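Listed here are the chains, written in short residue letters.
2 protein chains.
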Amino acid sequence: MKAPLKARVTIMLKDGVLDPQGEAIRHALGGLGFQGVDAVRQGKVIELDLTSTDAVAAKAEVARMCEGLLANTVIEKYAVEIV
Amino acid sequence: MKAPLKARVTIMLKDGVLDPQGEAIRHALGGLGFQGVDAVRQGKVIELDLTSTDAVAAKAEVARMCEGLLANTVIEKYAVEIV
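So the protein lines, in turn, are chains G and Y.
Just so we're aligned: 6 in full-length UniProt numbering is position 6 of the first sequence, and the numbers increase by one with no gaps anywhere.
Just so we're aligned: 45 in full-length UniProt numbering is position 45 of the second sequence, and the numbers increase by one with no gaps anywhere.
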């Protein structure tokens, strides 16, 4: 029997969508004396413990979860990784 | 001249710290009919565009940013990846 799978979903704002939270982090880093940071984007990461042992089916299922709940596909892009 | 670096920081609650946001996602997925999700943990991902071209120094600098601002190391763990 194969071990259950773990999926990692990374959700970021699409390029071109303003990211005020990332901008606030960049500003705060500058205020703390950290130079050399050009741009910051913040996103979410969601780790799912799955009961499935079929990586291909699991990846498709998690993509459906992203489309249906986890990501706002109007402004966000997501990446699914089975780990 | 080497290209500027990009760092990806993943910040998750430490194991054992209650994650109500992850639990809410798990519950919502169940409500939408997605079976086979055992546990969900939610975290943050922060992508930094760096001006530095030295990967080793950049990784150490980003770790200092995590300690000083990005992560709450009492309850959160972080991982730095240079991409």
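Keep in mind that a hint or two might mislead.
Taking lysine to any residue and the SDA-like style, the derived pairs with C-alpha atoms no more than 20 Å apart in a straight line are [stated by the list, open to error]:
1) Y:Lys-6 - G:Lys-59
2) Y:Lys-14 - Y:Gln-35
3) G:Lys-44 - Y:Ala-3
4) Y:Lys-44 - Y:Leu-32
5) Y:Lys-44 - G:Ala-57
6) G:Lys-44 - Y:Lys-77
7) Y:Lys-59 - Y:Ile-25
8) G:Lys-77 - G:Asp-19
9) G:Lys-44 - G:Gly-31
10) Y:Lys-44 - Y:Thr-10
11) G:Lys-77 - Y:Ile-25
12) Y:Lys-44 - G:Asp-19
13) G:Lys-14 - G:Ala-57
14) G:Lys-59 - G:Glu-76
15) G:Lys-44 - Y:Leu-18
16) Y:Lys-44 - G:Ser-52
17) G:Lys-6 - Y:Gln-35
18) Y:Lys-6 - G:Asn-72
19) Y:Lys-6 - Y:Val-80
20) G:Lys-77 - G:Gly-22
21) G:Lys-44 - Y:Val-37
Source of the hints: derived by calculation from the structure; they are not laboratory data.
Given the structure is predicted, the values throughout are model-derived calculations rather than measurements.
Item to complete: Measure nothing beyond the straight line between the CA atoms of Lys-44 of chain Y and Thr-10 of chain Y; if it is 20 Å or shorter, mark the hint as holding.
Response: holds, 6 Å
Discussion item. So if I understand the rule, the pair passes when the alpha-carbon distance is 20 Å or less; does Lys-44 of chain Y with Leu-32 of chain Y pass?
Written reply: violated, 24 Å
Worksheet item: Is the straight-line distance between the alpha-carbon of Lys-14 of chain Y and that of Gln-35 of chain Y 20 Å or less?
Response: violated, 26 Å
Worksheet item: Taking 20 Å as the top limit, are the C-alpha atoms of Lys-44 of chain G and Gly-31 of chain G close enough?
Response: Distance ~24 Å between Lys-44 of chain G and Gly-31 of chain G Cα, so the pair is violated.
Worksheet item: Can the restraint linking Lys-44 of chain Y and Asp-19 of chain G be considered satisfied, given a maximum Cα separation of 20 Å?
Response: holds, 14 Å
Practice prompt. Take the C-alpha atoms of Lys-6 of chain G and Gln-35 of chain Y, compute the straight-line distance between them, and say whether it is at most 20 Å.
Written response: holds, 14 Å
Discussion item. Holds or violated: Lys-14 of chain G and Ala-57 of chain G, Cα atoms, limit 20 Å.
Written reply: violated, 26 Å
Worksheet item: Are Lys-44 of chain Y and Ala-57 of chain G close enough, with their CA atoms no more than 20 Å apart?
Response: violated, 26 Å
Fill in: Restraint status (C-alpha distance of Lys-77 of chain G to Ile-25 of chain Y at most 20 Å)
Judged against 20 Å, a Cα distance of about 18 Å means the pair holds.
Worksheet item: Is it true that the CA of Lys-59 of chain G sits at most 20 Å from the CA of Glu-76 of chain G?
Response: Distance of about 18 Å is within 20 Å: holds.
Worksheet item: Does Ile-25 of chain Y lie within 20 Å of Lys-59 of chain Y when you go C-alpha to C-alpha?
Response: Violated, at about 32 Å.
Worksheet item: Is the Cα-Cα distance between Lys-44 of chain G and Ala-3 of chain Y 20 Å or less?
Response: This hinted pair is violated, its Cα atoms lying about 26 Å apart.
Checked against the numbered hints above, the structure breaks hints 1, 2, 3, 4, 5, 7, 9, 13, 16 and 18 and satisfies the rest.
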